[in-house]
Each structure stands twice: as C-alpha cells, then as structure tokens.
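Top to bottom, those sequences are chains A and B.
Sequential numbering of the first sequence, starting at 1, is according to the numbering used here.
Sequential numbering of the second sequence, starting at 1, is according to the numbering used here.
None of these hints come from the bench; they were simulated from the model.
The beta carbon of each residue, even a glycine, is placed where N, CA and C say it ideally should be.
It is possible that part of the hints are untrue.
Label pairs and their in silico Cβ distance ranges [said to hold, decoys possible]:
id, chain 1, residue 1, chain 2, residue 2, range
1, A, Glu145, B, Gly86, 42 to 52 angstroms
2, B, Pro52, A, Arg67, 25 to 35 angstroms
3, B, Arg81, A, Arg11, 24 to 34 angstroms
4, A, His167, B, Glu23, 10 to 20 angstroms
5, A, Ser160, B, Val61, 32 to 42 angstroms
6, A, Ser122, B, Leu165, 34 to 44 angstroms
7, A, Arg67, B, Val92, 40 to 50 angstroms
Covered by chain A, per the in silico footprint, the following chain B stretches (three or more residues, Cβ under 8 angstroms) [as the list claims (entries may be wrong)]:
id, segment
8, 4–13
9, 31–41
10, 53–61
The list that follows gives simulated cross-link-like pairs (lysine to aspartate or glutamate, EDC-like), each with its CA atoms no further than 16 angstroms apart [said to hold, decoys possible]:
id, chain 1, residue 1, chain 2, residue 2
11, A, Lys163, A, Glu145
12, A, Lys88, A, Glu148
13, A, Lys163, A, Asp134
14, B, Lys72, A, Asp134
15, A, Lys87, A, Glu145
16, B, Lys72, A, Glu18
17, A, Lys88, A, Glu44
18, A, Lys163, A, Glu149
19, B, Lys29, B, Glu7
20, A, Lys163, A, Glu148
21, B, Lys72, A, Asp16
22, A, Lys163, A, Glu150
23, B, Lys72, A, Glu17
24, A, Lys163, B, Glu7
25, A, Lys87, A, Glu149
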Amino acid sequence: MINHEMDMLIRAQNGDEEAFTSLVLQYQNPVYNLCYRMLGNAQEAEDAAQETFWRAFQAIRRYDRNRSFATWLLSIAAHYCIDQQRKKRITTMEIEDWMEEVIPDHTPEPEKQVRENEERQSIQSLLSSLNPQDRAAVILRYWYECSEEEISQALQLSVSAVKSRLHRARLRLAQQYQSQHYAMTERIHDESPAF
Amino acid sequence: MSHLPFENWIFNRENLTSDQIAELEAHLKSCQHCNRIQSGWSEVEQLLQKPPLTPAPPQFVNRFQASLAQRKALQQKRQIRAVFIGLGSAFVLLSIAFIVRLLWIIPPAQLLSDMIGWVALAPQRWSEIQYIFFYWAGQIPPLALMVFVFLLAGWSTLLLGLWFLTLQRLSHLGVHEQ
Numbered sequence: 001m002i003n004h005e006m007d008m009l010i011r012a013q014n015g016d017e018e019a020f021t022s023l024v025l026q027y028q029n030p031v032y033n034l035c036y037r038m039l040g041n042a043q044e045a046e047d048a049a050q051e052t053f054w055r056a057f058q059a060i061r062r063y064d065r066n067r068s069f070a071t072w073l074l075s076i077a078a079h080y081c082i083d084q085q086r087k088k089r090i091t092t093m094e095i096e097d098w099m100e101e102v103i104p105d106h107t108p109e110p111e112k113q114v115r116e117n118e119e120r121q122s123i124q125s126l127l128s129s130l131n132p133q134d135r136a137a138v139i140l141r142y143w144y145e146c147s148e149e150e151i152s153q154a155l156q157l158s159v160s161a162v163k164s165r166l167h168r169a170r171l172r173l174a175q176q177y178q179s180q181h182y183a184m185t186e187r188i189h190d191e192s193p194a195f
Numbered sequence: 001m002s003h004l005p006f007e008n009w010i011f012n013r014e015n016l017t018s019d020q021i022a023e024l025e026a027h028l029k030s031c032q033h034c035n036r037i038q039s040g041w042s043e044v045e046q047l048l049q050k051p052p053l054t055p056a057p058p059q060f061v062n063r064f065q066a067s068l069a070q071r072k073a074l075q076q077k078r079q080i081r082a083v084f085i086g087l088g089s090a091f092v093l094l095s096i097a098f099i100v101r102l103l104w105i106i107p108p109a110q111l112l113s114d115m116i117g118w119v120a121l122a123p124q125r126w127s128e129i130q131y132i133f134f135y136w137a138g139q140i141p142p143l144a145l146m147v148f149v150f151l152l153a154g155w156s157t158l159l160l161g162l163w164f165l166t167l168q169r170l171s172h173l174g175v176h177e178q
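Work out the full structure: start from the sequences and follow the hints.
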C-alpha cells in the first residue's frame, strides 16, 4: 500500500474526518461503478455509494490494515447492493402482483421499447440476468480484476464457492447473450420485407 | 450427451493443455449445445475485456461531507435520546419497585395517613431544619464555613462535569462502531 494512503488510513482510524474524506475522493469511482453495475440505476448507485462510505466511516476502526482497503470497501458496497437487490426484488414482485390484479396493460408497443433498451444496455442487461451474488462476483472479477481469493474475502464465500459462482455466471451470460442475439435476429427476419 | 468437462474448458481455455484444446475443438464440432455456449461466451468475453468504469457523479465528495455531518448529528441525537430513555426507564422501574415494597410492608391506609401527616408537618420540619442549620453555621468559624462551602461547590461542579462528559461519550458511541 502507498505510504500516503496508509497515513490517511491511520489518521481516519484515529477519527480524522479530513483523512477519511480524502479516502472517499480516492475511491469514489470504483465504489460508485460497482454500485452502478450492481443496481443499474444512477440515483440508486449514488445512494448506495454514499451509504457504503458512511458504513465504512462507522466501521473504520475495525478495518484490518493487513487487508487491502479497496477490497474491504468493495466488500461493503457489494454486500449493501446484494441486500438492496433482494429487497427490491421482493417489492417489485409485490407491486407487479398488485398491478396485474388491478391495472390493465396499456403500454404501447412494448416490443419496441424492449428492443431499444436491448440496443442501449447490452452489458447491463446481461449483468441483470444474474443473481446478485453471481453479479457481484463477475463485476469484481472483470471490472476490478480481483483474484478468486480476493472475491472470496469480499463476498465472504469459500474459494470453491466463488469458482462455482463464476462458472455458473459465465454459463448464464453466454446463454443469455445467445438468446438475446437469437431473438434480435428473429425479429429482423420477421420485420424484413418479403421478396 | 455429456457436456462435462467441455463446459468448464470453454471458460478456462488459458489453462488447457494442447491435447485438451484439440479434444475441446473436436467436441465443439459435434455438439451444438457446447458450440452455442462457446460462441456466446466469446462475444461476452469481448464485452468484458475492457469494461467501461462509470465515474462517480460530480460533487459526490461534497455531498458525502454534507450527509456525514447530518448523519452524525442525527445519530448523536438518537444516542442521547436512548441514554435518557434508559435512565428514565430505570428511575421509573426503581420507583415502582420501591412503592410495591413499601405497600408490602405498610398497609395502604396507614401509608396514606403517614403521607398526609408528613405533608401537613412539612412547613414545621422545614423551619426546624433551617433553625438547626443556622445554629450550627453560627457555631462554626466563618473561615471553616467558607472552606466547607467551597469544597462542596467544587465537588458538585466536578461530579456534574463528569456526568456531562459521560453523556457526551455515550452519545458518540453510535457514530463509530467499536
């Protein structure tokens, strides 16, 4: 670890808020990016990143300096986002159930909207097909180049569990990409003029 | 058809031996399932080669500083409230226990008459206490009285200061987890 960063960490652990703010400045982008990739929404990602730093501020005295600070922070962010995803899934399911019961579907051309979204958010839509923990493992692996050991520390899983989650996620991403690609090709065929 | 270990090999090509790569290629020619996974993964892998890092929005740190001050103030307020509620509850519980114990020893009618008697005699008792105090104050040399008052005030101030310090420390406990 760089001496300056270690100095900031020691000062932050002794209650220096300025030192902690400089750590926020340094790590804002990786933490925000992880939250954005996990949640897929800019506002929710900012809220999650702010919450991550607040939790880190509260727990900074318990941080073990022998561990990587980045991994520790990303671990807090990943756990928070996984919890948010679980809560959101429950709420969304409840709202969807309620809407199915009371509100008729009047969405004009839903297929067109779906197609536009598909074109704009290829990575994000692929990521959203994964369950929160698998998604966190993929993000840590490919965006942050974390080793399987580091991912296991961040997500509090065994290394074999991380391997299995990464395998499952890669398989799911490959299948998802194929099915999206296949669906798009089918649509292009269907919409092309007859010769 | 079994797709193992070929499914695993597709995702770990960099760790395969040349024989395993040849075996995988042969399998891919005959297996449509694995072939689809292979082509899907190669596309996804390209997307994941250099995934873009989304930067934090502008003024993120300023907003963090502002929210930090707010959250700290809110948490300290909650902590102080919790301390006072705790102390108040303890006082109420002790009072209830004391009353119950008192009613257990003395019959309620006698307790009521004793209390009325005590209240009725309170002004007389107060004047007696005042008389005793001023009598003894007149007996003690003025310098000794001044020292006594000074010591009493000093100890009271010290104890009050310690009490406030303890409350303040308790109110900060929630902000930093120990």
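Hints, verified against the model:
{"no.": "1", "hint": "Glu145(A) / Gly86(B): 42 to 52 angstroms", "in the structure": "holds, 49 angstroms"}
{"no.": "2", "hint": "Pro52(B) / Arg67(A): 25 to 35 angstroms", "in the structure": "holds, 28 angstroms"}
{"no.": "3", "hint": "Arg81(B) / Arg11(A): 24 to 34 angstroms", "in the structure": "holds, 31 angstroms"}
{"no.": "4", "hint": "His167(A) / Glu23(B): 10 to 20 angstroms", "in the structure": "holds, 19 angstroms"}
{"no.": "5", "hint": "Ser160(A) / Val61(B): 32 to 42 angstroms", "in the structure": "holds, 39 angstroms"}
{"no.": "6", "hint": "Ser122(A) / Leu165(B): 34 to 44 angstroms", "in the structure": "violated, 59 angstroms"}
{"no.": "7", "hint": "Arg67(A) / Val92(B): 40 to 50 angstroms", "in the structure": "holds, 46 angstroms"}
{"no.": "8", "hint": "4–13", "in the structure": "holds (count 4)"}
{"no.": "9", "hint": "31–41", "in the structure": "holds (count 6)"}
{"no.": "10", "hint": "53–61", "in the structure": "holds (count 7)"}
{"no.": "11", "hint": "Lys163(A) / Glu145(A)", "in the structure": "holds, 14 angstroms"}
{"no.": "12", "hint": "Lys88(A) / Glu148(A)", "in the structure": "violated, 28 angstroms"}
{"no.": "13", "hint": "Lys163(A) / Asp134(A)", "in the structure": "holds, 10 angstroms"}
{"no.": "14", "hint": "Lys72(B) / Asp134(A)", "in the structure": "violated, 34 angstroms"}
{"no.": "15", "hint": "Lys87(A) / Glu145(A)", "in the structure": "violated, 28 angstroms"}
{"no.": "16", "hint": "Lys72(B) / Glu18(A)", "in the structure": "holds, 15 angstroms"}
{"no.": "17", "hint": "Lys88(A) / Glu44(A)", "in the structure": "holds, 11 angstroms"}
{"no.": "18", "hint": "Lys163(A) / Glu149(A)", "in the structure": "holds, 10 angstroms"}
{"no.": "19", "hint": "Lys29(B) / Glu7(B)", "in the structure": "holds, 14 angstroms"}
{"no.": "20", "hint": "Lys163(A) / Glu148(A)", "in the structure": "holds, 7 angstroms"}
{"no.": "21", "hint": "Lys72(B) / Asp16(A)", "in the structure": "holds, 14 angstroms"}
{"no.": "22", "hint": "Lys163(A) / Glu150(A)", "in the structure": "holds, 12 angstroms"}
{"no.": "23", "hint": "Lys72(B) / Glu17(A)", "in the structure": "holds, 12 angstroms"}
{"no.": "24", "hint": "Lys163(A) / Glu7(B)", "in the structure": "holds, 14 angstroms"}
{"no.": "25", "hint": "Lys87(A) / Glu149(A)", "in the structure": "violated, 28 angstroms"}
Violated hints for the displayed structure, listed by number in ascending order: 6, 12, 14, 15, 25.
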